[in-house]
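Number of protein chains: 2
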Amino acid sequence: MNQDSILRSLIAENLVSDPASARGRLLHEAARLFRDKGYERTTVRDLAAAVGIQSGSLFHHFRTKEDILKAVMVETIRLNTALMQAAMEAATTHRDKLQALIRAELESINGQTGEAMAVLVFEWRSLSEASQAYVLELRDIYEQLWLDVLDALRKDGVLAAEPFVVRRLLTGALSWTVTWYRPDGGLTLDDLTEQVVAMMGLARAEN
Amino acid sequence: MNQDSILRSLIAENLVSDPASARGRLLHEAARLFRDKGYERTTVRDLAAAVGIQSGSLFHHFRTKEDILKAVMVETIRLNTALMQAAMEAATTHRDKLQALIRAELESINGQTGEAMAVLVFEWRSLSEASQAYVLELRDIYEQLWLDVLDALRKDGVLAAEPFVVRRLLTGALSWTVTWYRPDGGLTLDDLTEQVVAMMGLARAEN
DNA sequence: CGATACCAAGCAAGCGCTTGGTTTGTAAAC
DNA sequence: GTTTACAAACCAAGCGCTTGCTTGGTATCG
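Protein chains in written order, with my numbering: chain R, 1 to 207; chain Z, 1 to 207.
Source of the hints: derived by calculation from the structure; they are not laboratory data.
Glycine included, every Cβ here is placed at the ideal spot set by N, Cα and C.
Among the clues, some could well be false.
What the hints assert, rightly or not - Which chain R residues stay away from chain Z? Per the calculated CB distances, all over 12 Å, these:
#, residue
1, Ile-6
2, Lys-37
3, Glu-40
4, Ala-50
5, Val-51
6, Ala-82
7, Val-135
8, Glu-137
9, Ala-161
10, Ala-173
11, Leu-174
12, Thr-179
13, Trp-180
14, Val-196
15, Gly-201
Unchecked claim - Listed below are the simulated SDA-like cross-link pairs for lysine to any residue, each with C-alpha atoms no more than 25 Å apart in a straight line:
#, chain 1, residue 1, chain 2, residue 2
16, R, Lys-70, R, Arg-95
17, R, Lys-37, R, Glu-75
18, R, Lys-37, Z, Lys-155
19, R, Lys-37, Z, Ile-11
20, Z, Lys-155, R, Thr-193
21, R, Lys-37, R, Asn-14
22, Z, Lys-37, R, Ala-130
23, R, Lys-65, Z, Leu-127
24, R, Lys-65, R, Thr-93
25, Z, Lys-65, Z, Glu-143
26, Z, Lys-37, Z, Lys-155
27, R, Lys-37, Z, Arg-32
28, Z, Lys-65, R, Arg-45
29, Z, Lys-37, R, Arg-125
30, Z, Lys-37, R, Ser-57
31, Z, Lys-37, R, Asp-46
32, Z, Lys-37, R, Thr-193
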């Protein structure tokens, strides 16, 4: 399953919005605005203008402004969980599975869904507690993917640190790339993936 | 020079505010509120109430609300640059210098100045561009501390990845701890420092 | 004809900040 | 040692504007 077919099957199951639909376009623009200016600084008038409607008309599609933020986050997590799963299943060794996860997360953060992923990281506090709880549940699913692979590497003796600590350190390291990584800067995502693996002392040459 | 004497000499030079002064107390409360609720969600009425004055009286001490955010960030960077420098000078080998820097940054993020450091990380976009430029200048000073040490480790052959990439990955990994690390969770800051070093394949046993 | 998608207008609340005036601390003048 | 002078610190009130959201109505389309 490639990225596109994963997206299409999620749309078919009504788990994410079709980017071509009115709702999908709004969520895409919302992600961009929320990332660029932050959730609080983005007004419903900004959001409406971005898709060419009146501010009041937004509330025909979403009950509240916060619902828009929640939808951005929920759909992003759903898509990325599916992408991670696919990426990992394609790899064989534990080390390659980790590399595949790192690569996939970097792709999520710095690729097509980057705007939405940045929102997920930096606008967390703007969600109501109830919504946070719901999003956290979804998150746990793909966190487990990481922990399983890291546990295996630990048992292989190639990872010296605690898996759950490593995962959290990696979450920070990879999320943070959104603030500095630019694909046109002479460093490809593959390069960056290798750098992360190298920093962990897991570079291929040493294996 | 211990932490306290560093703080006192910065106060004497008027580079950071005395925590006991009106200004110092306000900045402390502001850091807490900004971290807990975010800059935008914190009103000048919240800030004033936190120090027991009327909202209008704030503007006797600061020209604008943004000036308060800027002051929190600037003073935090000044203090931490001084702390980093001191921590590093106390160590001898390159590896120990790196460990000292990691330990010092974790302390900054999760210790006394943690609230202000979290603001520095998460409220960056709320600063005007002019203020951002000014804060960035201050930041460069201590980023160079890191790069020098990482360069040396690279030349020693114990670090396989690019120093500037490693620094950015570490920035993310360490900053992110503010979202999950709790000192009462059975993991001390020393433990955490060792975990970071271990993740990089630089654990002492292997040296 | 009924549902869906939208517009035009505006409301109530909350926002950062200003204003004019009062209290408080300090130190020289008498 | 009281008086005078003055600035710093603060209050009470509220202004002008923006905010998220509502309302009542209209176009579009199967």
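Going through the hints against the structure:
The claim that R/Ile-6 lies off the interface holds: its Cβ sits roughly 27 Å from the closest Cβ of chain Z, which is beyond the 12 Å cut-off. R/Lys-37, annotated as away from the interface, has a beta carbon of chain Z within 12 Å; the closest lies near 7 Å. Listed as outside the interface, R/Glu-40 is inconsistent with that label: its C-beta sits roughly 3 Å from the nearest C-beta of chain Z, within the 12 Å cut-off. Non-interface call for R/Ala-50 relative to chain Z: holds, since the shortest CB-CB distance, roughly 18 Å, exceeds 12 Å.
The claim that R/Val-51 lies off the interface holds: its Cβ sits roughly 23 Å from the closest Cβ of chain Z, which is beyond the 12 Å cut-off. No beta-carbon of chain Z comes within 12 Å of the beta-carbon of R/Ala-82; the shortest separation is about 24 Å. Every CB of chain Z lies more than 12 Å from the CB of R/Val-135, the least distance being 14 Å, so the non-interface label holds. The non-interface label for R/Glu-137 is consistent with chain Z: the shortest C-beta to C-beta separation is roughly 17 Å, beyond 12 Å.
The beta carbon of R/Ala-161 sits about 4 Å from the closest Cβ of chain Z, which is not more than 12 Å, so the claim that it is off the interface is violated. With a minimum CB-CB distance of about 4 Å to chain Z, R/Ala-173 fails to clear the 12 Å threshold, and the non-interface call is violated. Listed as outside the interface, R/Leu-174 is inconsistent with that label: its C-beta sits roughly 7 Å from the nearest C-beta of chain Z, within the 12 Å cut-off. Distance check on R/Thr-179: its Cβ comes as close as 8 Å (rounded) to a Cβ of chain Z, failing to clear the 12 Å threshold; non-interface status is violated.
Look at R/Trp-180: its CB is around 5 Å from the nearest CB on chain Z, not clear of 12 Å, so calling it non-interface is violated. The claim that R/Val-196 is not at the interface with chain Z is violated, since a C-beta of that chain comes within 12 Å of its own (minimum 6 Å). Chain Z draws R/Gly-201 into its interface by the beta-carbon criterion, the shortest separation being 2 Å against a cut-off of 12 Å. At roughly 34 Å between alpha-carbon atoms, R/Lys-70 and R/Arg-95 are farther apart than 25 Å, so this suggested pair is violated.
A distance of roughly 20 Å separates the Cα atoms of R/Lys-37 and R/Glu-75; the hinted pair therefore holds under the 25 Å criterion. A hinted pair counts as satisfied when its Cα atoms are at most 25 Å apart, and R/Lys-37 with Z/Lys-155 does not qualify at roughly 41 Å. Between the alpha carbons of R/Lys-37 and Z/Ile-11 the distance comes to roughly 35 Å, so the proposed pair goes past 25 Å and is violated. Our distance criterion of 25 Å between C-alpha atoms is met by Z/Lys-155 and R/Thr-193, whose separation comes to about 22 Å.
Note on R/Lys-37 and R/Asn-14: the hinted pairing is violated, with a Cα-Cα distance of about 29 Å set against a maximum of 25 Å. With a C-alpha separation of about 16 Å, the suggested pairing of Z/Lys-37 with R/Ala-130 holds against the 25 Å cut-off. Note on R/Lys-65 and Z/Leu-127: the hinted pairing holds, with a Cα-Cα distance of about 24 Å set against a maximum of 25 Å. Taking the CA atoms of R/Lys-65 and R/Thr-93, the gap is near 44 Å; set against the 25 Å cutoff, the hint is violated.
Taking the CA atoms of Z/Lys-65 and Z/Glu-143, the gap is about 28 Å. The hint is violated against a cut of 25 Å. Distance check on the hinted pair: Z/Lys-37 and Z/Lys-155 sit about 44 Å apart at the alpha-carbon level, beyond 25 Å; violated. Only pairs whose Cα atoms come within 25 Å are accepted, and R/Lys-37 paired with Z/Arg-32 is accepted, the gap being roughly 22 Å. For the hint linking Z/Lys-65 to R/Arg-45, the alpha-carbon distance of about 24 Å falls within 25 Å, and the restraint holds.
With a CA separation close to 7 Å, the supplied pair Z/Lys-37 and R/Arg-125 stays within the 25 Å bound. Between Z/Lys-37 and R/Ser-57 the alpha-carbon distance is near 29 Å, which puts this suggested pair outside the 25 Å criterion. Using a Cα cut-off of 25 Å, the hinted pair Z/Lys-37 and R/Asp-46 holds, with the two alpha carbons roughly 23 Å apart. Between the alpha carbons of Z/Lys-37 and R/Thr-193 the distance comes to roughly 34 Å, so the proposed pair goes past 25 Å and is violated.
Against the hints set out earlier in the document, violations occur for numbers 2, 3, 9, 10, 11, 12, 13, 14, 15, 16, 18, 19, 21, 24, 25, 26, 30 and 32.
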